[in-house]
Amino acid sequence: MSITVIRTTKYLKRHSLVIKMKIIRNNSIFLLIFITIFIFLGAGKAFDHQLNHPSPTGFMASDAYTHNWVAQNTYDTGYINQPPIYSFDNNQDYNQKVDDYKLFHPPILPLLTASMARLSGSEVFDVNITLVFLLISLLIALNYFILARFNSLLALFSLPFTLLFLKGKFFISLSWGWWDFITGEFFLLAVILLLLNEKFSFRYFFNALLITVAFMAHGVEAIYAAIFISFYLIYIFLNKRKELFPFIIEQLKSLPLVLLIGGYSIIIFLKTMGQMGYSHLRMMTHSQFLTKIYEGSAPNFFIYFNEFGIYFKILIIIGILIFGYLLFKKKNNPNSNLFPYYLFVVFMSLSPYLYIMAGERGFQWRFLWPVYLSLAFGSICLVIYLVLKKIIQNRTLLKTIIFSAGTITLIVMVLPLPFSGAGLIDAVDYESYKWVHENTEPFSDILVLFSPINDQISRLYLLKRDLFISTSENWQLMNTDNSLLINLKDDWRRDFFCKKSDCSLFQESHFMESERRQRDNYFKNISICSFDYIYVTFKNQQEIHNKNAGYLNYLISKNITQPVFNNAGAVITKNIVKGEECENRFRD
Amino acid sequence: MRIDLEIKKEVQEELKYLLIIVLIILIMLKIAFYKESVMDIIKFGLSFLYFSLIPGYFILFNFRKNISRNLRFILAFPIGMAIYIIIAYYLNIFIDLKYLIFLPVIIIIVSAIFTYYQFKKLKK
Numbered sequence: 001m002s003i004t005v006i007r008t009t010k011y012l013k014r015h016s017l018v019i020k021m022k023i024i025r026n027n028s029i030f031l032l033i034f035i036t037i038f039i040f041l042g043a044g045k046a047f048d049h050q051l052n053h054p055s056p057t058g059f060m061a062s063d064a065y066t067h068n069w070v071a072q073n074t075y076d077t078g079y080i081n082q083p084p085i086y087s088f089d090n091n092q093d094y095n096q097k098v099d100d101y102k103l104f105h106p107p108i109l110p111l112l113t114a115s116m117a118r119l120s121g122s123e124v125f126d127v128n129i130t131l132v133f134l135l136i137s138l139l140i141a142l143n144y145f146i147l148a149r150f151n152s153l154l155a156l157f158s159l160p161f162t163l164l165f166l167k168g169k170f171f172i173s174l175s176w177g178w179w180d181f182i183t184g185e186f187f188l189l190a191v192i193l194l195l196l197n198e199k200f201s202f203r204y205f206f207n208a209l210l211i212t213v214a215f216m217a218h219g220v221e222a223i224y225a226a227i228f229i230s231f232y233l234i235y236i237f238l239n240k241r242k243e244l245f246p247f248i249i250e251q252l253k254s255l256p257l258v259l260l261i262g263g264y265s266i267i268i269f270l271k272t273m274g275q276m277g278y279s280h281l282r283m284m285t286h287s288q289f290l291t292k293i294y295e296g297s298a299p300n301f302f303i304y305f306n307e308f309g310i311y312f313k314i315l316i317i318i319g320i321l322i323f324g325y326l327l328f329k330k331k332n333n334p335n336s337n338l339f340p341y342y343l344f345v346v347f348m349s350l351s352p353y354l355y356i357m358a359g360e361r362g363f364q365w366r367f368l369w370p371v372y373l374s375l376a377f378g379s380i381c382l383v384i385y386l387v388l389k390k391i392i393q394n395r396t397l398l399k400t401i402i403f404s405a406g407t408i409t410l411i412v413m414v415l416p417l418p419f420s421g422a423g424l425i426d427a428v429d430y431e432s433y434k435w436v437h438e439n440t441e442p443f444s445d446i447l448v449l450f451s452p453i454n455d456q457i458s459r460l461y462l463l464k465r466d467l468f469i470s471t472s473e474n475w476q477l478m479n480t481d482n483s484l485l486i487n488l489k490d491d492w493r494r495d496f497f498c499k500k501s502d503c504s505l506f507q508e509s510h511f512m513e514s515e516r517r518q519r520d521n522y523f524k525n526i527s528i529c530s531f532d533y534i535y536v537t538f539k540n541q542q543e544i545h546n547k548n549a550g551y552l553n554y555l556i557s558k559n560i561t562q563p564v565f566n567n568a569g570a571v572i573t574k575n576i577v578k579g580e581e582c583e584n585r586f587r588d
Numbered sequence: 001m002r003i004d005l006e007i008k009k010e011v012q013e014e015l016k017y018l019l020i021i022v023l024i025i026l027i028m029l030k031i032a033f034y035k036e037s038v039m040d041i042i043k044f045g046l047s048f049l050y051f052s053l054i055p056g057y058f059i060l061f062n063f064r065k066n067i068s069r070n071l072r073f074i075l076a077f078p079i080g081m082a083i084y085i086i087i088a089y090y091l092n093i094f095i096d097l098k099y100l101i102f103l104p105v106i107i108i109i110v111s112a113i114f115t116y117y118q119f120k121k122l123k124k
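Residue numbers (my numbering), protein chains in the order written: chain F, 1 to 588; chain A, 1 to 124.
If you're looking for bench data, these hints aren't it; they were derived computationally from the structure. Beta carbons: idealized from backbone N, C-alpha and C, even for Gly. Heads up, a few of these hints could be off.
[Claimed, not checked] For lysine to any residue, the following SDA-like pairs were computed, each having C-alpha atoms within a straight-line distance of at most 25 angstroms:
no. : chain 1 : residue 1 : chain 2 : residue 2
1   : A       : Lys-35    : F       : His-49
2   : A       : Lys-16    : F       : Leu-138
3   : A       : Lys-98    : F       : His-53
[Unchecked claim] Chain F stretches covered by chain A per the calculated footprint, using a threshold of three residues with CB under 8 angstroms from any CB of chain A:
no. : segment
4   : 43–56
5   : 109–117
[What the hints assert, rightly or not] Just the calculated beta-carbon pair ranges, DEER-fashion:
no. : chain 1 : residue 1 : chain 2 : residue 2 : range
6   : A       : Ile-113   : F       : Lys-97    : 40 to 48 angstroms
7   : F       : Pro-299   : A       : Ile-113   : 49 to 57 angstroms
8   : F       : Leu-415   : A       : Lys-16    : 35 to 43 angstroms
9   : A       : Tyr-17    : F       : His-49    : 24 to 32 angstroms
10  : F       : Asn-439   : A       : Lys-16    : 48 to 56 angstroms
Please model the complete structure; the sequences and the hints are all you need to start from.
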């Protein structure tokens, strides 16, 4: 017995040592440590090191709630193409029309989120934002493996630079909800990694699959994949002409598969978002673009090179030049086929200035500059490594020192880390939302009294009811002399769905007409006597709050409405009477 | 007989590697979200891997001769997700999402059957 134990212990010791050496040598351990640090500092800090929260956490702008709402609706209905019950007039309307729609919002992230939420039992909002952050982490790992094709040390030294994602404007791609873009980029990098590696018999199938999913996640990423493939074609035409024909054949095999696998969603896209002008392809200079679209000044989410600060700007330019030089120097090395990726990164970085440009989308790509431009940082660190190698003989030690120094420096630079906290909806708000879910009929009409915070309108989507939202103009005109409320926003929760007949290949589409009709009817004048509930948030300026409270008290004093829910965040009242009786009481 | 042993060894080795990766990812999540209970980390972590790494890994195992192990593991995430999502998206036209969460199991079984026939062919 004891001999066996001793032998086993010796065996384990010997093998664990071998494993340790192997791991340190192939850099995997560094990658894992880095990804852990990245998640800890990013998602960990932003979500208070918890996965489950009482309310949506880290959602700082409307878009985040919009995408989350689609996932929540998929989770609630069980079907991606089904509008919510509360978007219909009544049960009969619901039963008749519910199967007549298709979702035209990108379906990838909502479907994945809803599936994970169902399996894990976590709230949809928690799964959604954490999943997006994990995709960013995997994106960094994919970029690492792409760069490691050329040089594993360069790939390793590139990692610390990606920490800049946690700083400034870069992080808003997560907190403001540019989630479909991140999902699309994740699949785009997978396409790039796949194509940069050795060809194998069914690679065309995986290529087609990933391009299709990139398109379905965020349409423009399929175009970016096409740009990368074009660069790759140019590269092999110039350097490896023997591989040109097989590569073209491979891509030609992929194309029909893309059309076959993604045809259904391509048609939906072209008939809906395509018609609405979401393609964003523009032919104009940068200044023309700003003047025409944004009245001369760039919106606050546009990222310019200045975001990096003067030292980093110099470092990036030098790093890019070094990387280009290294690639050129090793152009005959079969593993140095990173030229197309290099050109892709440079081209995409300059895209907003190239006359034919993707407009707003060209700037969106820059949210991931810390990942794409990390190759510049890696190149400089590699040069430092090559210089110091002559002084420090122990290469593992030297590698560890440079990697650690880079990581620590970047951590210090990204401080203070991303905010933490609830965001636009906190726990008390969400408590009131849950009350609405549990205590009101699905077809209830709810009036939301004015608050500037509701300008981020999607924060109200999780109320999951037919909402009429008071605007600033409505608030100004609202008085106790007239029951009619002017200029209410009619929030219609079927606006991510198209009628099947409107997004079908074989039928004439009336999608744009219905969109126009909906837009024309967005603002409505409706009597206070038409609503079932009134929702008032306390997150307000004093003056606005006083008028809202005065109006509500008037309705209560006239026995039109009565409070049914009250907490530190909101008050909800239920209208006791509607129609003529209500009008009479209002006038009395 | 020798081939049988080699196959067994290869499969064991790969599954061991997969298990180690799964454990490492769970540990990474536990470190980042240290305030969360172990059970919740396991539930969240495994559900993430169930829709990404695990089906993707079983699919790519059939291409182990062409793709290195590390690369298979990193590509397993996007490919596993992509396969699940594409199939789920079309099936969801008719089938409720609550039944579709079993889809990765089917993907894993089908991939394992492919592997089995691959090995069988190898033995012949």
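*Of the hints given before, which are not true for this structure?*
Violated hints: none at all, because every hint is consistent with the structure.
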